[in-house]
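Undergrad: Under the working numbering, the residue at position 82 of the sequence shown is numbered 80, and the numbers go up by one with no gaps.
Because the hints were derived from the structure by calculation, they are not lab data.
If you're wondering where the values come from, they're calculated on a predicted model, not measured in any experiment.
Where hints are given, some of them may not hold.
Stated by the list, open to error - No more than 25 Å apart at the CA atoms, straight line, and that leaves these computed lysine-lysine pairs for BS3-like:
hint, residue 1, residue 2
1, Lys211, Lys227
2, Lys64, Lys229
3, Lys344, Lys64
4, Lys612, Lys579
5, Lys287, Lys227
6, Lys691, Lys703
7, Lys561, Lys510
8, Lys225, Lys253
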Amino acid sequence: MTLILMSSLLSMKMQTFKARALVPILTAMFLAATFSCAASAQLNNPYTEDESGQAVLYESFSERPKHMDPAVAYSSNEYAFISQIYEPPFQYHYLKRPYQVVPLTAVRMPEVIYLNPKGEKLEQGANDRDIGFTDYIIDIQSGIRYQPHPALAKNPQGNYEYHRLSAAQIEAATSLNDFNATGSRELTAEDYVYQIKRLAHPKIQSPIAEIMKNYIVGFDDFSKQVKDKPKTAIRDLAIEGATALSPYQYRIRIKGKYPQFIYWLAMPFFSPMPWEADVFYDQPGLADKNITLDWFPIGTGPYLLAENNPNRRMILLKNPLFHVETYPSEGEPDDRQKGLLADAGKQLPFIDKVVFMLEKETIPYWTKFLQGYYDASGIASDSFDQAIQFTGSGGVALTPSLLEKGIQLQTSVTTTSFYMGFNMLDATVGGASEQARKLRQAISIAVDYEEFISIFMNGRGVAAQGVLPPGIYGVDDKSGFNPYVYDSLNDKASAPAHAPYLHPVGKAQRKKIDAARQLMTEAGYAGGIDPKTKEALILYFDTTATSVDDRPRMNWYRKQFEKLGIKLVIRATDYNRFQEKMRNGNAQLFFWGWNADYPDPENFFFLLYGPNSKVQYGGENAANYHNPEFDRLFEQMRNMDNGEQRYRVIQQMQEIVRRDAPWIFGFHPKNFSLFHGWYKNLKPNLMANNQLKYTRIDMAARAEKRRQWNQPVFWPLVLGGAVFVLMLIPAVNAYRRRVKETVQ
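Using the sequences and the hints given, assemble the complete structure.
TA: What follows is the structure, encoded as structure tokens:
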């Protein structure tokens, strides 16, 4: 009994000792945890990879690329990847403006040979009417090799390792990485020819196949020949318009003269493809596991796709077999002063690894950018006021908080045109009569797209002055405003204070609404009254803007027409119905846009070329505009080489469409991009998609800024811990009293 009592008392004393020691022990544990956390830097770092020894670039994507096959891919989110992996023979010079095509895998620019309809060579300078065919002779560099890939792997006997997979091998494979062996081989001219054959194969479904039928000789015939054959069968079949002349030289023959074809040769469509890729990927069962060319590309470019996990991230790694390519050594006059030639002559690429993280929400993405975990960012509407402020002259600048972080703002007017079109087949707004023309001109003045840009685009746009966007050959940057919509200003000093409402060069101002009302009177619609009904003129605007978010814009359009007394009726419908109306010519007014495939005026003027009428010919002339003089000038201009004569023709064409006003010339969007100060070699290039190889990251500067911007803040934890300890003391004291009472 005594033993039990002594044991019980000893236990109670031990518990009392533990209770007394609890507070300092908890305090010590808390401080230890705190100091342990303090020893770790950047607790909010979303990346787990070790960056040491590697130059890593962090970017994001919001939608997975559907196609990685360059014969099929045709969207910006796809080009963001494949343009780093595949190499057409030519590319756009990174620094020079206007945009200039230069060799990429080619040794030099192509030799261009003109032939008559009999295939006989013509002298340079031959009359365009005598040219039946044009040959492009392209010489490629020797020694260029494909990235390591299982499709090119060979066994010791020299046979391809994975071209005849067994059912068991296919069953076991879950990813391309399950094929351990990889191989490579040299790029040949035949690979470029093979890709052109792929463009023609109906089973590939290339989006440019129909276009190329009009240009590459024998393209359509080849397409018909192989329509029932597998893709792997085209290797040994000849196509008339594309021939390998030697291992490093090939010829493309096109119909007539088409100078713009050189721009196509700088697009991923004309990248090389090894025949081994089709043989490997076409094996039954691989497509069911997403082991396809659309998922795992194979190219000769500076990067290869190391990880394709579109639900989380995609990773590009530097191609270990990339050929020698150096940073440009010349550019525009002020490029050196801007530091854009600091890396001249250095081997590309500078980045070892590019990590694309999936970001569907703009706010987390923006937060990570401000923390330094993304190297570049666009500006969503939610973040615009936090990033951008307007200056007194109507310009834009970064807010002080972003300037303090050393963030750089890069703006560029896109080679895109948005416009409101008139259906020129319509009895009221269409036709070539003076009455209809003045009605269109009046509406063009009234619809104030400078105001639209200010209200709905945060100022991120430029009011259009004609068919061509800035940056396209033929734009008159000095006096190229639309005189039917704008009045000239003598100089910038005489411009009114509301600079956003001016033409970008500051020399033109939108005409007063009274000028538009006078045109309405001259057109027979004084006060907006239709003489046939004696009531307000009613016009119909067909659109796909059906959501609640679209209502403010639609109301804005109504108010623009109300300035002239016109009642605008919005006819919103789904896209399929809208397309049907456009094909049948049942839309009166509509909104449309076009983005440049290549930097040539032909790529925009063809949108108003009569034989491209949507209703009559199914073309891209959505306004169904037809002016014989414009069509004649277009046919003359499209095949001309750039020069004084072509420039004059372009100005004549601009004048015709400005006067006829088949479009209300809308706006050209302006890109606003943000880059951290450690992001080097920044220059907008709206034509090139392979800019990644020119990018350089100052890794030391980024690491230091991340450390500064992401210091752990521990005082709330310390304060919370102290409060917790203070709250714990009464409980400990109460427990001690209870123990004493029990002992007594």
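Undergrad: Please go over all the hints and tell whether each is borne out by the structure.
TA: Status of each hint after checking the structure:
1. Lys211 - Lys227: 19 Å, holds
2. Lys64 - Lys229: 20 Å, holds
3. Lys344 - Lys64: Cα-Cα ~34 Å, so violated.
4. Lys612 - Lys579: Holds, because 11 Å separates the two Cα atoms, which is no more than 25 Å.
5. Lys287 - Lys227: 24 Å, holds
6. Lys691 - Lys703: The hint holds at about 24 Å.
7. Lys561 - Lys510: Status holds; Cα separation ~11 Å.
8. Lys225 - Lys253: 23 Å, holds
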